[in-house]
Amino acid sequence: MNSLITRAKELLENKSVQVVIGYEAGPTSVARPAFITDPAKAGTLIYDERCVQNLAVYLTKPEVKHLGKMAIVATLPVMRSIMMLISEQQIFADSIVVLGISADGSLLDIADVKVMQGYIEKSDLGNPEKYKELLAELNKLSPEERFAFWQKELSKCIKCYACRQACPMCYCTRCTVEVNQPQWIPVQSNTHGNMEWHILRAMHLAGRCISCGECGRACPVGIPCHLLTMHLVDQVHNYFNVYAGTSEKMSSVLSTFEPNDKESFII
Amino acid sequence: MSDFEPKVVAFVCNWCTYAGADLTGTSRIKYASNVRIIRFPCTGRIDFMLLLKAFANGADGIIVSGCHPNDCHYTSGNFHAKRRWIMFKELMDFMGIDMNRITFSWVSAAEGAKWADVVNTTVTRIRELGPYVSYKELVNKSVEEEVKNE
Chain A
1 MNSLITRAKE LLENKSVQVV IGYEAGPTSV ARPAFITDPA KAGTLIYDER
51 CVQNLAVYLT KPEVKHLGKM AIVATLPVMR SIMMLISEQQ IFADSIVVLG
101 ISADGSLLDI ADVKVMQGYI EKSDLGNPEK YKELLAELNK LSPEERFAFW
151 QKELSKCIKC YACRQACPMC YCTRCTVEVN QPQWIPVQSN THGNMEWHIL
201 RAMHLAGRCI SCGECGRACP VGIPCHLLTM HLVDQVHNYF NVYAGTSEKM
251 SSVLSTFEPN DKESFII
Chain B
268 MSDFEPKVVA FVCNWCTYAG ADLTGTSRIK YASNVRIIRF PCTGRIDFML
318 LLKAFANGAD GIIVSGCHPN DCHYTSGNFH AKRRWIMFKE LMDFMGIDMN
368 RITFSWVSAA EGAKWADVVN TTVTRIRELG PYVSYKELVN KSVEEEVKNE
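Protein chains in written order, with the working numbering: chain A, 1 to 267; chain B, 268 to 417.
Just so you know, the hints here were simulated from the structure itself, not pulled from any lab data. These numbers were taken from a predicted model, which means no experiment stands behind them. All C-beta atoms in this analysis are idealised placements derived from N, C-alpha and C, irrespective of residue type, glycine included. Wrong hints could be hidden among the right ones.
Subject to a maximum C-alpha distance of 25 Å in a straight line, what follows is the list of computed DSS-like cross-link-like pairs (lysine-lysine) [claimed, not checked]:
| id | chain 1 | residue 1 | chain 2 | residue 2 |
| --- | --- | --- | --- | --- |
| 1 | B | Lys356 | A | Lys140 |
| 2 | A | Lys114 | A | Lys132 |
| 3 | B | Lys320 | A | Lys159 |
| 4 | A | Lys156 | B | Lys274 |
| 5 | B | Lys381 | A | Lys159 |
| 6 | A | Lys130 | A | Lys156 |
| 7 | A | Lys152 | B | Lys356 |
| 8 | A | Lys114 | A | Lys15 |
| 9 | B | Lys320 | A | Lys156 |
| 10 | B | Lys415 | A | Lys152 |
| 11 | A | Lys159 | B | Lys274 |
| 12 | A | Lys152 | B | Lys381 |
| 13 | A | Lys132 | B | Lys356 |
| 14 | A | Lys262 | B | Lys381 |
| 15 | A | Lys249 | A | Lys114 |
| 16 | A | Lys262 | B | Lys356 |
| 17 | A | Lys156 | B | Lys381 |
| 18 | B | Lys274 | B | Lys320 |
| 19 | B | Lys297 | B | Lys320 |
| 20 | A | Lys130 | B | Lys408 |
| 21 | A | Lys159 | A | Lys61 |
| 22 | A | Lys140 | A | Lys159 |
| 23 | A | Lys152 | A | Lys130 |
| 24 | A | Lys156 | B | Lys415 |
| 25 | A | Lys9 | A | Lys65 |
| 26 | A | Lys114 | A | Lys159 |
| 27 | A | Lys152 | B | Lys403 |
| 28 | A | Lys130 | A | Lys41 |
| 29 | A | Lys159 | B | Lys415 |
Computed spacing ranges between beta-carbons, pair by pair [stated by the list, open to error]:
| id | chain 1 | residue 1 | chain 2 | residue 2 | range |
| --- | --- | --- | --- | --- | --- |
| 30 | A | Val52 | B | Ala380 | 56 to 62 Å |
| 31 | B | Lys297 | A | Ser255 | 37 to 43 Å |
| 32 | B | Lys408 | A | Ala25 | 42 to 48 Å |
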């Protein structure tokens, strides 16, 4: 990944950015996020199949933002997250440099948002293949079986909110779960409250999820909570024919409407 | 379960369905008394969490009703609500929660008879479905889980 290192070093040396957000090898076999501020340390950057985290989550964190202008190593899901964050005016297009990584792991030349949009539009935007099967399997079950499946999974939830922390779209500084007047979601973990939390999370991400699967990956007890948001990704595309994170001008599905939206269940 | 009386909670908007329900009364139309009407400023105000809380607090069925499209007092509240319900319904189906227990409808201030009809058909359907046992069990189980953890 020499071209990535060279580019990162160059950006830091000529002070076009103050920090490069990328991946580095951790003490174990996993890759971890790296925040490079010193051009001499750009050599620690890596990119290989271990680099799976969605780094876009750091773009809205104050402790990273205060470092200055950022460059970010971005695979397709990260680029789509960035697009979503720009469209929701959480970051400004000219305040970050995107070091795009193509599907085969080579460095892309992403000069500006237009180029990024062009690249995103050419890519496959649906849910990743490995999750499609699981979704189809769940959809084949009867409602009772699905209810049982989710009760079993959600009973494991320990309310650590790692799913929320790992998600680039969950950037609210005051989340509903931290509100106690009224207390929408019980603080303690119980199956019913856990279900309410996961419904709330999925609904808040409806039309905004870009199917990176980071929430499911972050879950310490292995709840496939990414399937909830991914199911809604399918449904949003089905009903409204859009995928999130494809344009800097897009407003999310639930914050807008068309007078002729089709449904069949309202009498 | 012949003595089962369904508890139905109706979330209605102030401008259309609430006035419609009023008309049902002033027109002396009789309808099922199982419904508890909760008035909201607009369908756009009806948070999906309120529906979950209704089930959690023992409702067997829910009615959500507001102004017809293009008739919203606030111009677009019901359009936003419509999109939200489309997503909510799909998510609930995916999680195996019984959407036959929730009726969504548009009832205008002039449709007193339609309101009676919406309530009656919902109550009849819930009566056939019986109490929402699986949700009530889930809530009870969660209370036990909490006691156990303490």
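The hints, checked one at a time:
no. : hint                            : in the structure
1   : B:Lys356 x A:Lys140             : holds, 17 Å
2   : A:Lys114 x A:Lys132             : violated, 29 Å
3   : B:Lys320 x A:Lys159             : holds, 19 Å
4   : A:Lys156 x B:Lys274             : violated, 31 Å
5   : B:Lys381 x A:Lys159             : violated, 44 Å
6   : A:Lys130 x A:Lys156             : holds, 23 Å
7   : A:Lys152 x B:Lys356             : holds, 21 Å
8   : A:Lys114 x A:Lys15              : holds, 23 Å
9   : B:Lys320 x A:Lys156             : holds, 21 Å
10  : B:Lys415 x A:Lys152             : holds, 18 Å
11  : A:Lys159 x B:Lys274             : violated, 31 Å
12  : A:Lys152 x B:Lys381             : violated, 41 Å
13  : A:Lys132 x B:Lys356             : holds, 20 Å
14  : A:Lys262 x B:Lys381             : holds, 22 Å
15  : A:Lys249 x A:Lys114             : holds, 11 Å
16  : A:Lys262 x B:Lys356             : holds, 14 Å
17  : A:Lys156 x B:Lys381             : violated, 45 Å
18  : B:Lys274 x B:Lys320             : holds, 14 Å
19  : B:Lys297 x B:Lys320             : violated, 28 Å
20  : A:Lys130 x B:Lys408             : violated, 34 Å
21  : A:Lys159 x A:Lys61              : holds, 21 Å
22  : A:Lys140 x A:Lys159             : violated, 29 Å
23  : A:Lys152 x A:Lys130             : holds, 22 Å
24  : A:Lys156 x B:Lys415             : holds, 15 Å
25  : A:Lys9 x A:Lys65                : holds, 19 Å
26  : A:Lys114 x A:Lys159             : violated, 39 Å
27  : A:Lys152 x B:Lys403             : holds, 16 Å
28  : A:Lys130 x A:Lys41              : violated, 35 Å
29  : A:Lys159 x B:Lys415             : holds, 17 Å
30  : A:Val52 x B:Ala380: 56 to 62 Å  : holds, 58 Å
31  : B:Lys297 x A:Ser255: 37 to 43 Å : holds, 42 Å
32  : B:Lys408 x A:Ala25: 42 to 48 Å  : holds, 45 Å
Violated hints, listed in ascending order, are 2, 4, 5, 11, 12, 17, 19, 20, 22, 26, 28; each of the other numbered hints is respected by the structure.
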